[in-house]
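Asks: Protein chains in written order, with the working numbering: chain A, 1 to 152; chain B, 1 to 302.
No lab work stands behind these hints: they were computed from the structure. Where is the CB? At the ideal position from N, CA and C, for every residue including glycine. Each hint should be verified, as a subset may be incorrect.
With a Cα cut of at most 30 Å, we get these calculated DSSO-like pairs of lysine-lysine [stated by the list, open to error]: (1) A/K80 x B/K39; (2) A/K12 x B/K143; (3) A/K53 x B/K166; (4) B/K210 x A/K53; (5) B/K39 x A/K46; (6) A/K53 x B/K146; (7) B/K39 x A/K145; (8) B/K146 x A/K99; (9) B/K189 x A/K143; (10) A/K46 x B/K166; (11) A/K138 x A/K69; (12) A/K138 x B/K129; (13) B/K143 x A/K143; (14) A/K38 x B/K129; (15) A/K69 x B/K129; (16) B/K146 x A/K38.
Listed below are several chain A residues computed to face chain B (Cβ distance under 7 Å; list not exhaustive) [stated by the list, open to error]: (17) S51; (18) S54; (19) I55; (20) G58; (21) D150.
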Amino acid sequence: MIDNCPQATQDKVKEYLFERFGISADIFDNFALNDGGKGRVYLGPKAIMPSHKSICAGITIARISSAIKPSTIFFQLFNKNITKNIVRLDREKIVKFVKGEDLEVTETETNQSSEGYVLVSYSDFGIGCGFLKDNQLKNLLPKSKRMGLDFY
Amino acid sequence: MDLPDKFIERYSKIVDNPERFFASLGNLAPKSFRVNTIKATNAEIEERFESYGIEIKKTAWYPEAYVSSNPDIGGTLEHFLGKIYIQELASMLPPLAVKEELKSANFVLDLCAAPGSKTTQISAIMDNKGLVVANDINYDRIKALKFNIEKTGSLNTMISNFDGRKFPDNQFDVVFLDAPCSSEGTMRKSFDISSRWSEKMINGHASLQKQLVLRAFDLLSPGGTMIYSTCTFAPEEDEGIVNYLVQNREAKIEKISIPNFVFDSGIVEWNEQKFDSDVKKACRVWPHHNDTEGFFLAKVTK
Numbered sequence: 001m002i003d004n005c006p007q008a009t010q011d012k013v014k015e016y017l018f019e020r021f022g023i024s025a026d027i028f029d030n031f032a033l034n035d036g037g038k039g040r041v042y043l044g045p046k047a048i049m050p051s052h053k054s055i056c057a058g059i060t061i062a063r064i065s066s067a068i069k070p071s072t073i074f075f076q077l078f079n080k081n082i083t084k085n086i087v088r089l090d091r092e093k094i095v096k097f098v099k100g101e102d103l104e105v106t107e108t109e110t111n112q113s114s115e116g117y118v119l120v121s122y123s124d125f126g127i128g129c130g131f132l133k134d135n136q137l138k139n140l141l142p143k144s145k146r147m148g149l150d151f152y
Numbered sequence: 001m002d003l004p005d006k007f008i009e010r011y012s013k014i015v016d017n018p019e020r021f022f023a024s025l026g027n028l029a030p031k032s033f034r035v036n037t038i039k040a041t042n043a044e045i046e047e048r049f050e051s052y053g054i055e056i057k058k059t060a061w062y063p064e065a066y067v068s069s070n071p072d073i074g075g076t077l078e079h080f081l082g083k084i085y086i087q088e089l090a091s092m093l094p095p096l097a098v099k100e101e102l103k104s105a106n107f108v109l110d111l112c113a114a115p116g117s118k119t120t121q122i123s124a125i126m127d128n129k130g131l132v133v134a135n136d137i138n139y140d141r142i143k144a145l146k147f148n149i150e151k152t153g154s155l156n157t158m159i160s161n162f163d164g165r166k167f168p169d170n171q172f173d174v175v176f177l178d179a180p181c182s183s184e185g186t187m188r189k190s191f192d193i194s195s196r197w198s199e200k201m202i203n204g205h206a207s208l209q210k211q212l213v214l215r216a217f218d219l220l221s222p223g224g225t226m227i228y229s230t231c232t233f234a235p236e237e238d239e240g241i242v243n244y245l246v247q248n249r250e251a252k253i254e255k256i257s258i259p260n261f262v263f264d265s266g267i268v269e270w271n272e273q274k275f276d277s278d279v280k281k282a283c284r285v286w287p288h289h290n291d292t293e294g295f296f297l298a299k300v301t302k
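Chain B extracted, bound-state conformation (with noise of 0.2 Å):
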């Protein structure tokens, strides 16, 4: 894969083996899906896929989790019926960040919520109770996201339609902010993202980014858990965006445990900016670390 080579002086400076990294980029990560728990079981699917003769593998870290060699998941009967949920691993964690505190949440924003992913499986770990607003900005997207409300089930969920900067006051119990970024974290499915790729790009995202992250966390109750995340690798987009939300609010970042994931530890300097020593405690998702797409998520409480 040709990447700029601004992008790769970049990210050699802060990645544990740039090799590996970049050579990373170059390959589709494994077809993933997430068993939606609204309407299956993990051992229904096992049991299922097993008689199609579809090898499938529960990952070591989400037991709703599985990847398969197999590209033809799309075609069975769970993925119809929404059993199933085709979602690509990093990005189901977020939702996962915060199980504990979704089985006790009774009040859910996702604020770019589009097309539903992160959505679904937070109505999944509810069990379906409490409400889970799912907000877009995009009205075309929500259609998407509709789509995907219905077909898991996810019946404690309901869809508005507002800038997420000009989302009207509430008190959430968790929030979560999957931000519109440069995604360079895709790379490994949308390989016309470097040909895109600036840092001038990364520097518009990163402006409305900060914008999102104050309304997002201004929205929640005392006491109450945000996740902001990212699928890219840019500081800009990531530690520069929660350093600068702990600068401007009382943020408290916490610590992330998802046993058997691999994560490395935010970092605390970028472009001789000197960030909060506690923005070290966000994750940064290297894809060669767990094979998947790259990302970033950071836990706040307030």
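Excised from the complex, chain A in its bound form (with noise of 0.2 Å):
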């Protein structure tokens, strides 16, 4: 069975996509925060089926545990809605990335992004979600999502 969210976790969620990546919240407007278990939070259609064998209803955009954090597939989706916490990676780089590596960044790349979660982009591209942490960024792409790049 598939439930909303309690109002308290989407409101924690919004706020938080908002405060950190400067996401308006109207981009949830036509679209429901489902529960999908184990701290996951979906972002789906608002009329759904009601049914014991339904697995999940739209796509996984956040895991709450002791932080929120947002996916990959949902910074793909949005990457255009978010205006800071951008790490911007070079040709070069980003081959690395999207194989999975952990990088060094420079403050060129970090563009004054705080601690935590960051969007990793290329070019006008949202490639996916990266912590970053002293200049190191740590590579948080799903493995099944990790591949060799030969055109980009």
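Two independent chains are provided; combine them into the complex using the hints.
Replies: This is the structure:
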């Protein structure tokens, strides 16, 4: 059975995404935030078919444990709505990131991003989620999405 | 390609050009993909691929579908980002056959949805509005379905895990039944299909398809539209199933129009069995006509 996230959780996620990434809450207007179990938050359709054999509705946008971790697929879909905490990588580094490597990044690349989760971008593209600490970018691309890029 | 004698005998009777048909089964179909309009535009993809030096060609029958002689399109940034979806051309036909219906639909069911090629295409055509229920009986295949839904940003979807024959009562505006089948039409990429081929296998699938098609039709709302499709040439699994449906339900077979795509009409007689004359409105897709895999589809309204 799929249930909406409790209102307090919805508010917490929206507030975090606005505070940390500048994402306006109106992107959620036509969709629902659903509880995916194990701390997962899904963004999906408002009207769903109630059923005991439902697995999920929409896409995973975040996982909540001690902190809120945004998902790579959420960043890829809504990268144009993100205004801050963006690490911009060049051609050489983005290949390594997509392969799954952790990277050392420069101040120019981090562009005043603060410690925590960041959008990793290349050119105009939102590539995925990373964790920035002391100029070290930890790679948070899901293993299933990592690949070698031949054309980019 | 070594084809079973019985296979050759069966299809020589109903294909327009047996020589070209059998020859086509030994060649790989071209690499093809669909632009995921949730994340990208045709112009953006064309510009990016031009910058890579990868030649792509838009099909004459679906503006979002492209073919390429370059096998490396899977290594592009656009594939990584889900801006394109690598998909065999013929499998793009079912959503395209009801494109107008989908634009106004609120509640859509893809009864045998994994791995999600159709579901994600449906979602894009619906512009991420309404609801697409993507169902599959096989829990392992649902992983691939979920992966593709997430990669393409198909927000208007939900995944369920029912045996299609027992899908709970509901009323959908559009239902897709891309039925499990003997997969003869995929021989161009899966050469081993011919070594496993038998008429017994065909009859086994037909038995399951009959149960699925009735359930799929019963899940339609009055005035709703269903697409029945397979990737096989076997009339027992194609026209035979559509005929079984019209014999058992008040189903109306409709003509399918996809301009610039070459179809053959459904056959109305097979192995001395005569089908309802409207079954000829169904579409047979022979690989040598459009350089695709083999396919069958029928559009039915309630």
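Asks: Against each hint, give a clear statement of whether it holds in the structure.
Replies: Status of the hints after comparison with the structure:
no.: 1; hint: A/K80 x B/K39; in the structure: holds (11 Å)
no.: 2; hint: A/K12 x B/K143; in the structure: holds (29 Å)
no.: 3; hint: A/K53 x B/K166; in the structure: holds (12 Å)
no.: 4; hint: B/K210 x A/K53; in the structure: holds (23 Å)
no.: 5; hint: B/K39 x A/K46; in the structure: holds (21 Å)
no.: 6; hint: A/K53 x B/K146; in the structure: holds (15 Å)
no.: 7; hint: B/K39 x A/K145; in the structure: holds (17 Å)
no.: 8; hint: B/K146 x A/K99; in the structure: holds (22 Å)
no.: 9; hint: B/K189 x A/K143; in the structure: holds (27 Å)
no.: 10; hint: A/K46 x B/K166; in the structure: holds (25 Å)
no.: 11; hint: A/K138 x A/K69; in the structure: holds (13 Å)
no.: 12; hint: A/K138 x B/K129; in the structure: violated (35 Å)
no.: 13; hint: B/K143 x A/K143; in the structure: holds (14 Å)
no.: 14; hint: A/K38 x B/K129; in the structure: holds (27 Å)
no.: 15; hint: A/K69 x B/K129; in the structure: holds (26 Å)
no.: 16; hint: B/K146 x A/K38; in the structure: holds (17 Å)
no.: 17; hint: S51; in the structure: holds (6 Å)
no.: 18; hint: S54; in the structure: holds (5 Å)
no.: 19; hint: I55; in the structure: holds (4 Å)
no.: 20; hint: G58; in the structure: holds (5 Å)
no.: 21; hint: D150; in the structure: holds (3 Å)
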